[in-house]
Amino acid sequence: MDQGEGDELAKSNTERQRAYRERHLYDIEGQGEQLNTILNLSTKRSLERLAACYGVTQRAALEKIIDEAESRLLSRLGSKKQRAYFDKTLQPGELSVTQ
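For the sequence shown, this note's numbering assigns the number 1 to the initial residue and increments by one for each residue that follows.
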């Protein structure tokens, strides 16, 4: 066993988890944020099936679902409401088509 392997074995589980999260926090573009959430079982299974169906990770499937939902929403909004959306001030009652 080389020096690097011995160092890794000497780390506690908490230290290994922290190192893993730090290594994986950054994606290809050098950005990333961690999201910790609990999903109901049927939603989690749906995510697993979608990811398997498309041959991608659950992360990639979730990112795609969110990106597509946002694109659909933005295509329904006029520029004023799009600005409010990006400013996080658009209210649910304002989701009617373009203005």
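Among these hints, one or two may not hold up.
[Unchecked claim] Straight-line alpha carbon distances no greater than 20 Å define the calculated SDA-like cross-link-like pairs of lysine to any residue that follow:
| no. | residue 1 | residue 2 |
| --- | --- | --- |
| 1 | 80 | 64 |
| 2 | 88 | 78 |
| 3 | 88 | 74 |
| 4 | 88 | 70 |
| 5 | 64 | 91 |
| 6 | 64 | 78 |
[Claimed, not checked] So the derived label-pair ranges between C-beta atoms look like this:
| no. | residue 1 | residue 2 | range |
| --- | --- | --- | --- |
| 7 | 41 | 16 | 38 to 44 Å |
| 8 | 78 | 31 | 18 to 24 Å |
| 9 | 67 | 45 | 18 to 24 Å |
| 10 | 73 | 16 | 24 to 30 Å |
| 11 | 62 | 87 | 21 to 27 Å |
| 12 | 48 | 12 | 40 to 46 Å |
| 13 | 69 | 42 | 34 to 40 Å |
| 14 | 47 | 25 | 18 to 24 Å |
| 15 | 76 | 24 | 31 to 37 Å |
| 16 | 56 | 19 | 36 to 42 Å |
| 17 | 55 | 32 | 20 to 26 Å |
| 18 | 44 | 20 | 19 to 25 Å |
| 19 | 20 | 80 | 22 to 28 Å |
These aren't lab readings, by the way, just hints derived from the structure by calculation.
Don't be surprised by glycine CBs; every beta carbon is placed ideally from N, CA and C.
Hints, verified against the model:
1. 80 <-> 64: violated (25 Å)
2. 88 <-> 78: Within the cut-off at roughly 15 Å; holds.
3. 88 <-> 74: Within the cut-off at roughly 13 Å; holds.
4. 88 <-> 70: holds (13 Å)
5. 64 <-> 91: violated (24 Å)
6. 64 <-> 78: violated (23 Å)
7. 41 <-> 16: 38 to 44 Å: 28 Å Cβ-Cβ, so the 38 to 44 Å window is violated.
8. 78 <-> 31: 18 to 24 Å: violated (29 Å)
9. 67 <-> 45: 18 to 24 Å: holds (22 Å)
10. 73 <-> 16: 24 to 30 Å: For residue 73 and residue 16 the Cβ distance comes to about 40 Å; the hint is violated.
11. 62 <-> 87: 21 to 27 Å: At 24 Å between Cβs, range holds.
12. 48 <-> 12: 40 to 46 Å: violated (30 Å)
13. 69 <-> 42: 34 to 40 Å: violated (18 Å)
14. 47 <-> 25: 18 to 24 Å: holds (21 Å)
15. 76 <-> 24: 31 to 37 Å: Since the Cβ atoms of residue 76 and residue 24 sit about 35 Å apart, the hinted range of 31 to 37 Å holds.
16. 56 <-> 19: 36 to 42 Å: Taking Cβ atoms as reference, residue 56 and residue 19 lie about 25 Å apart, which means the hint is violated.
17. 55 <-> 32: 20 to 26 Å: holds (22 Å)
18. 44 <-> 20: 19 to 25 Å: For residue 44 and residue 20 the Cβ distance comes to about 21 Å; the hint holds.
19. 20 <-> 80: 22 to 28 Å: violated (44 Å)
The structure fails hints 1, 5, 6, 7, 8, 10, 12, 13, 16, 19 (numbered hints given earlier, in ascending order).
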